[in-house]
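Undergrad: Protein chains in written order, with UniProt numbering: chain X, 1 to 223; chain R, 1 to 488; chain Y, 1 to 492.
It should be emphasised that the hints constitute simulated quantities derived from the structure, not laboratory data.
From a predicted model like this one, the values you see are computed outputs, not experimental measurements.
Even glycine gets a Cβ: it sits at the ideal position worked out from N, Cα and C.
Treat the hints with care, as some may be off.
[Claimed, not checked] Some chain R residues judged to face chain X by a derived CB distance under 7 Å, without partners named: (1) Glu45; (2) Gly49; (3) Leu53; (4) Leu57; (5) Pro81; (6) Asn85.
[Said to hold, decoys possible] Here are the simulated DSS-like cross-link-like pairs (lysine-lysine), alpha carbons at most 27 Å apart as the crow flies: (7) Y/Lys309 with R/Lys139; (8) R/Lys439 with Y/Lys471; (9) Y/Lys309 with Y/Lys292; (10) Y/Lys101 with R/Lys338; (11) R/Lys428 with R/Lys439; (12) R/Lys439 with Y/Lys473; (13) Y/Lys292 with R/Lys139; (14) R/Lys359 with R/Lys371; (15) R/Lys139 with R/Lys371; (16) R/Lys371 with Y/Lys101; (17) R/Lys139 with R/Lys428; (18) R/Lys350 with R/Lys338; (19) R/Lys359 with R/Lys338.
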Amino acid sequence: MLTVAPHLRTRRPSPTTVEYTVSTSPPPTLPLRLLLGLTILLRVTIGLSVLLLLYSKFLLSDYSTPLEPYSSRPQLQSNAFIWYLAYNLTTSRLGALFTHLATLTPPIVLLPASFTILYLLSLRLHTTESLLVLRGLGIQTSSSSSTFLSGSTTRFIPTEKIQDIFVNEAFRGFEVRYYLVVVVEGEESVVVVFPRLLPRRQILETVWRGVRGCLFEPEEKAG
Amino acid sequence: MPYNIAMVSDYFFPQPGGIESHIYQLSTKLIDRGHKVIVITHAYEGRTGVRYLTNGLKVYHVPFLVIYRATTFPTVFSFFPIFRNIVIREQIEIVHGHASLSSFCHEAILHARTMGLRTVFTDHSLFGFADAASILTNKLLKFTLSDVDHVICVSHTCKENTVLRASLDPLMVSVIPNAVVAENFRPLSHPAYPPSEFGNHMVPVQQHLGPHDTITIVVVSRLFYNKGTDLLVAAIPRILASHPHVRFIIAGSGPKAIDLEQMLERNVLQDRVEMLGPVRHEEVRDVMVRGHIYLHPSLTEAFGTVIVEAASCGLYVVCTQVGGIPEVLPNHMTVFAKPEEDDLVAATGKAIAALRSNKVRTENFHDQVKKMYSWTDVAERTERVYDGISGVLSEADFYGYDAADAASWSATRGRAGVQSFALIDRLKRYYGCGIWAGKLFCLCVVIDYLLFMFLEFFAPRDEIDIARNWPKKIRVENSRRDQRTFKR
Amino acid sequence: MVPNPAPPPSATITEPLPPLTRSTTLPLYSYRPITTDRTLLAPEDAIYQGSPPRKQSPAVAKAARDLHMTNGPNGTARVSGRTRHKDRPRSGSRRRKGTWKKLLWVNQSYPDNYTDQETFLEHLQRNPRLQPYDFWPLVADSTIIVQHVCSVIIFVVCFVGIFQERVSPVAIVGWGSIATFLGWFLWDWWVGQEESTKPSTTPVSTSTPLDASASSSVSNLLNSNGNGHANGLSSKHSHSASVSSLYSSTSNGHSTNGHSKPPTPPPNHPNHPSPNSSLLSHRTSLRLSTAKSALLIYFTLLGLSPILKSLTRSTSSDSIWTMSLLLFAINIFFFDYGSPPSRSSVGGGSKNIPASLSTNAALMASTVLASRLPSTGQVFSLTLFSIEVFGLFPVFRRYARQRSWRGHVTLTSFLVAGAGGGVGLILGHGGDGNGYFDWPWKSGLLGGIIGVLVTGLVMGGCSWWLIGLQKYKNEIHGPWDPARPVIRRDDY
């Protein structure tokens, strides 16, 4: 519902520039935006509760110093306010519940489980990969990372370094997939465009035609 | 009608060998006839992924575990997902397996039947019935061939053997021999190709051998026990002793080479016997044209392509009368011997005498062999098999029996004249394989079917890209070939 | 496909192959005369190379027949004998000219899957080397196994007797030695008789191997001793080869395995006595050397006995019983039961190994068993007895069987009765004075009777069973089998 099969979006900001974007995200409509906002809210809630659980567990252990009750409410922007908040949380009924939960689960279960949950929460919902072709300059591939924690990886290949660009087939897992590769001069391995999504042949052929048309048009005219 | 054919075997280039070149030549000729052919084999060192060979032959080198002499480990089901993917994306209709020792081929035939495809199997070798390895292979072959549409053997002896090994109906076994590329095996005096083949055909001159000219005997064979190297070791000193103007050239390597060398040293024959060591297949012709007689002492042979190659090079052939060899060449090109030392020596003596008296017209051999064996002919005959199993030819036409007879034996065949794909019919065929084996085979088939259902659900067909075909050549000789096909 | 109904196993195996279940392929296309556009050869082209291919001469039929005669060298005689043209189902010969030929190089007008009823599988042979067994010869042959098993049982019984201190070890070894001496005497007499009847044969000299190996070790010596006797006796004509192989039987076995070259016979026969030495002196020297080796064994054993006694002190008895059981099983299973005439022809080099394995296993078992015994005298007696039973007795048995059938049967029955009696004595409390019918040898006699009965039943039953199983034998031979090369080995 939230993701769709990889599909191609083409942007032409200028006559000599084309951007091909392959993405799993559906076109943004209002209900979809609302739904996405809801998932973010859910993620934040679950993330905070996992952190609280970990903190309660930490308080139960021998390494922690017991929190002092604050007599007065400290300054909002001070460090003490965080401790004040933490104390209030742990002593509240919710805190008591989490403390109870923390006593029930042994640390050997709790730690891996909570880290796994935190990692899963940080995963991106959609994958977006794009190929930007600038005639006369080169191409830039970019691929969104899988988590929110890191940004997308981009790579620019100048035109004079590009030896060829073609579609090939290869075994991947239990299937044979098509993929678009750029052969870069002076490198052992080729650069795979859209490495995570590996879109279908139809998309690849469109991109391939467009890239070749955009990159090698002057040469083709000359020849 | 053009078919999409997948040739499946463990043995393919870059490994050298007879089966490998058979698959290649047959595929090339089938492509020439307008079919689409792909080859599925396992990955070799430095040869992985999907490749194209000349003529648009697409080769899938599936990554697989190789255990012994380029044969993959027989895992019955693990090949299925990738095989299904390839078959769907290439829109394969006929799966053609090669070589009975290739587990890849057996698995592919099983899966292809599960997927509802037509299957053909080509057997290239002879097997006994006595030793444990043969028994195991035969059981496996019986399993696979219980549900195959047609079987091709390279010689009539091979057909008899396969029919016995796999308990087949002899009518569903065709005999289609190997062939040679005659252009690659022409005699020294023969003009280089391509001359106009039918136009100014030049008559080769007969070469006269005087009584004191040296006659060279060529042996090209791997030096193994079943290639008859022991016979060779015993016969060479006697042949050389009784014929003074005779020399030997031996090409090939193997465990028996040491015996040969010992014999040479014991009898001090180094100056009359030349050992060349291993020779690449492309160089075989250059070795063969140096001689006058080809000696082939093999103990078992399904077809013996090498003797056809030798005859094509214009050599008089002396060979043992084993396996399918007696069927291969006409009498005026060969001298047969029993696999005995005395007989081999006598036959070689006869051949030498015949050459010395200039009775054998070896210069004609090349053109005759060219007419006997050609890959185009093999491809045509194979195509007829494809026609038969896919129902293009009527059942009566293809299997050639009277309508009255049909009721008596086509119980398991569908009404369309081709084998039914229904699971229960397949199970019936497998169940008859043996008391325990039958049940085991049925279990395998059922699991295979479940796996197929599973794959259909979790890797649906419409998510698999259809591969683009190699641009086809336009068939030039369309009309002429069709006429000949009709004649057959 | 229906799995081709395999012909049911029948008792009469020599019957011809059952006919194919399917009707023959009938050609359905009308025969087309040879057209001008064909590029492939037809059969007749081979004969008439000069003629253009389209020519249809009246000699074609004859030529084709000739061709068949010349090209089907294996089966032509049979085929021409049959009435193949009449047998062909109705329309075959009517619709198509020319017979089908089992050839690949001709372009035949038959479909590729045509199966010729007459020639298909005509070279198939089923059970070609089958020898139907008869009951009594089979029973007679099984006596060899019975003899060996019985001698093993007797040895075990003797050990138990010594171990439980019911029997004096000296008595056992004494009787054993007397029997051995008698056997040797008999054997010597037989050898003398044989040599006197065949004076032309060069006498065998076994002194060299005996001397050479006597100094090495006990088991080796016995092994070569036994082999020397066996080879020397069984194969008179190949004595020099056997002598040379005795020096290193194992290396010889390795070098001559398979079908490779035979052991190169020594060019001359250095072991022959000089022509002027008389027969008597040779025999005497033989006897002297035998006595010498016997004495050597005796004293070696005497010296080794104290060591043997404490050999397995740190091992528990259970392990020893299991181990000796296994070793005796190896001995029984790997014993060379083959009859001498078959051994002498095909080189015994490769067959020596299992035989020596068997002997060595038995000697090791007896050594291990002997080490359980408390006193040196017992150890010495048992070891000596084991050498007599496992080293020398088989040689005597083999020779006795060759010499006199009656003696063989008598020996077998004595062994069976002895083994049964011994087992009975051990199991029952024979002779210890308990029970009603207090007759000391009662359980022994009972055991003997039971042993004879059971052995007879087992021998008969097993033979009958084997004969019954034989009808399931279905060995298929045909042209696809690798041919066996026939090589004259003496030629180079």
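Undergrad: Proline 81 of chain R was flagged as interface toward chain X. Is the shortest Cβ-Cβ separation under 7 Å?
TA: holds, 4 Å
Undergrad: Can the hint on leucine 53 of chain R be confirmed by a CB-to-CB distance to chain X that is less than 7 Å?
TA: Violated, about 15 Å.
Undergrad: Taking the closest Cβ pair, is asparagine 85 of chain R under 7 Å from chain X?
TA: It holds, given that the least Cβ distance between asparagine 85 of chain R and chain X is near 4 Å, below 7 Å.
Undergrad: Let me know if the C-beta of leucine 57 of chain R comes in closer than 7 Å to any C-beta of chain X, holds or violated.
TA: violated, 15 Å
Undergrad: Is it true that the CA of lysine 439 of chain R sits at most 27 Å from the CA of lysine 473 of chain Y?
TA: holds, 24 Å
Undergrad: For the pair supplied as a hint, lysine 101 of chain Y and lysine 338 of chain R, confirm whether the alpha-carbon distance does not exceed 27 Å.
TA: This hinted pair holds, its Cα atoms lying about 21 Å apart.
Undergrad: Quickly compare the C-alpha distance for lysine 428 of chain R and lysine 439 of chain R to 27 Å and report which way the hint goes.
TA: holds, 10 Å
Undergrad: Starting from lysine 139 of chain R, check that the Cα of lysine 428 of chain R is at most 27 Å away, please.
TA: Answer holds: lysine 139 of chain R to lysine 428 of chain R is near 17 Å, not above 27 Å.
Undergrad: Is it true that the CA of lysine 371 of chain R sits at most 27 Å from the CA of lysine 101 of chain Y?
TA: Distance of about 18 Å is within 27 Å: holds.
Undergrad: Going straight from one Cα to the other, do lysine 309 of chain Y and lysine 292 of chain Y come out at no more than 27 Å?
TA: holds, 26 Å
Undergrad: Are the Cα atoms of lysine 139 of chain R and lysine 371 of chain R separated by 27 Å or less?
TA: Not OK: lysine 139 of chain R and lysine 371 of chain R at ~38 Å, beyond 27 Å, violated.
Undergrad: Holds or violated: are the alpha carbons of lysine 439 of chain R and lysine 471 of chain Y at most 27 Å from each other?
TA: Distance of about 26 Å is within 27 Å: holds.
Figure legend: structure checked against the earlier numbered hints; hints not met, in rising order: 1, 3, 4, 7, 13 and 15.
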